[in-house]
Amino acid sequence: MHTKQEKDGAEYQQILQARELYEKGIRLSMVKPNKTNLKKAVSYFTQAADLGHINANFIIGDAFCKGKWRTELDQTEALKYLDTAANHNHPEAMVGFADIHHRNGNLFEALDEYLLALTYGNQAAIDRIQKLIDNPIGQNYLANLFQREEKTQESMVQFFIGRCYLHGFCTEPNLERAIGWLKEAVRSNSAYAAHTLGYLYETGNGVDKDIDMAIDLYKIAGEQGFSKGYLSIAIYNSQRINEPHMAKENLQSAFEFYRKAAELGDLVADNEMGILHIQGFEFGFPNYADAALCFQAGADKGNPDAILNLANCYYSGVGVERDLIKAENYFSLLLSHEDGLAAQAAYGLGAIYTQNIQKRIRKIGRSYLEAAAKANIQGAKDLLNKSFGNNKKVA
1 MHTKQEKDGA EYQQILQARE LYEKGIRLSM VKPNKTNLKK AVSYFTQAAD
51 LGHINANFII GDAFCKGKWR TELDQTEALK YLDTAANHNH PEAMVGFADI
101 HHRNGNLFEA LDEYLLALTY GNQAAIDRIQ KLIDNPIGQN YLANLFQREE
151 KTQESMVQFF IGRCYLHGFC TEPNLERAIG WLKEAVRSNS AYAAHTLGYL
201 YETGNGVDKD IDMAIDLYKI AGEQGFSKGY LSIAIYNSQR INEPHMAKEN
251 LQSAFEFYRK AAELGDLVAD NEMGILHIQG FEFGFPNYAD AALCFQAGAD
301 KGNPDAILNL ANCYYSGVGV ERDLIKAENY FSLLLSHEDG LAAQAAYGLG
351 AIYTQNIQKR IRKIGRSYLE AAAKANIQGA KDLLNKSFGN NKKVA
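Residues 1 to 395 in full-length UniProt numbering are what the sequence shown spells out, letter by letter.
Simulated from the structure, these hints should not be mistaken for lab results. Worth double-checking, as some hints may not be accurate.
[What the hints assert, rightly or not] The list that follows gives simulated cross-link-like pairs (lysine-lysine, BS3-like), each with its CA atoms no further than 27 Å apart:
hint : residue 1 : residue 2
1    : Lys219    : Lys248
2    : Lys39     : Lys80
3    : Lys66     : Lys24
4    : Lys381    : Lys359
5    : Lys359    : Lys326
6    : Lys32     : Lys374
7    : Lys40     : Lys24
8    : Lys39     : Lys131
9    : Lys39     : Lys66
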């Protein structure tokens, strides 16, 4: 019989093995992409996913879904891996899973999944929902929900009805009806509804503002397994650090609820714990080693902010041994993002490549720094001018 220590040790080794395969996949697909390397990358990502790496499941599922990296379009494999990532709270995977339902003509199933992705914080789901409900079939979604609720009284269906009234999907926005359906879903033990209703009480939207009620509802959501319940309590407490004589207590409470959210697989919580470690909430001075561990956990789940913070740790040697290859891997993973993270990643890659003695590599570094400078990333213009001369400053 295996002891718990042996089991934990075996599980940890599996995590490390999956992460190593995942990082190899990143390097071959994003740093050194060519026909041979892309084929190897698919193999590495698949192996990492099969070992339980969450973001690897999303990446390889997305590849099979879109035919990326010379993979064949394979809906069965795409569904398999995206479903695994979605079940581990990966909002992008939820959207990808819904996209497949949409392409197959299963509009109601797609709308269910998009609403769930929205609940987990993927705002891109709103545009997809809006397009679907503009479809003649999609316009019947709310009526379909009512039919399903009448037959089953399922809490998830009640929650979806509440969200439709809240956002005005397939109907005019109606806060009173939204709150009524959310309360009904809470009585049916919907963690999602408890969290949404808690947010309405916290903000005073459609109800009298009641922080105590909001916290109680968030706790119900967390206790029922929805990580955003605990996350919302953590965020609320972290925003109260300037209250007289309460800063330390609020930070400790925030960290504890971030930890609970992370244990439920939350995509955001690990990164926030890492930031608290850097701010020195425990000892009054930064704890870089534990911060790096938190960023690594968040990066494994696919949190873009955690990926950037982990890349910076490897670049600077903060909390981990300096490793420019790992830094390059994680910076490269963010280049496809459509927000400021891509520009920050470009700055990181530029900083790495300008240290290279090869003229070709330095030229690539310069192009990254120019992109970062154009996006007004702090330090990019100075490093560009320092590395390539004041005679070619960026305006």
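>> Would the hint linking Lys219 and Lys248 be met if the CA-CA limit is 27 Å?
In response: Given that 27 Å is the threshold and the Cα spacing comes to 21 Å, the pair holds.
>> What's the verdict on Lys39 and Lys80, does the C-alpha distance respect the 27 Å limit or exceed it?
In response: Holds, at about 20 Å.
> Between Lys381 and Lys359, does the CA-CA distance stay at or below 27 Å?
Replying inline: With a Cα-Cα distance of about 20 Å, the restraint between Lys381 and Lys359 holds, given a limit of 27 Å.
> Holds or violated: Lys39 with Lys131, Cα cutoff 27 Å?
Replying inline: 35 Å, violated
>> Hint check: Lys32 vs Lys374, CA-CA at most 27 Å. Holds or violated?
In response: 25 Å, holds
> Does Lys326 lie within 27 Å of Lys359 when you go C-alpha to C-alpha?
Replying inline: Holds, at roughly 22 Å.
>> So if I understand the rule, the pair passes when the alpha-carbon distance is 27 Å or less; does Lys66 with Lys24 pass?
In response: Satisfied, since the Cα-Cα distance of roughly 21 Å is no more than 27 Å.
> Does the alpha-carbon distance linking Lys39 and Lys66 stay inside the 27 Å limit?
Replying inline: 15 Å, holds
> Straight-line Cα separation of Lys40 and Lys24 no greater than 27 Å?
Replying inline: Holds, at about 9 Å.
Consistency note: the structure conflicts with earlier hint 8 alone.
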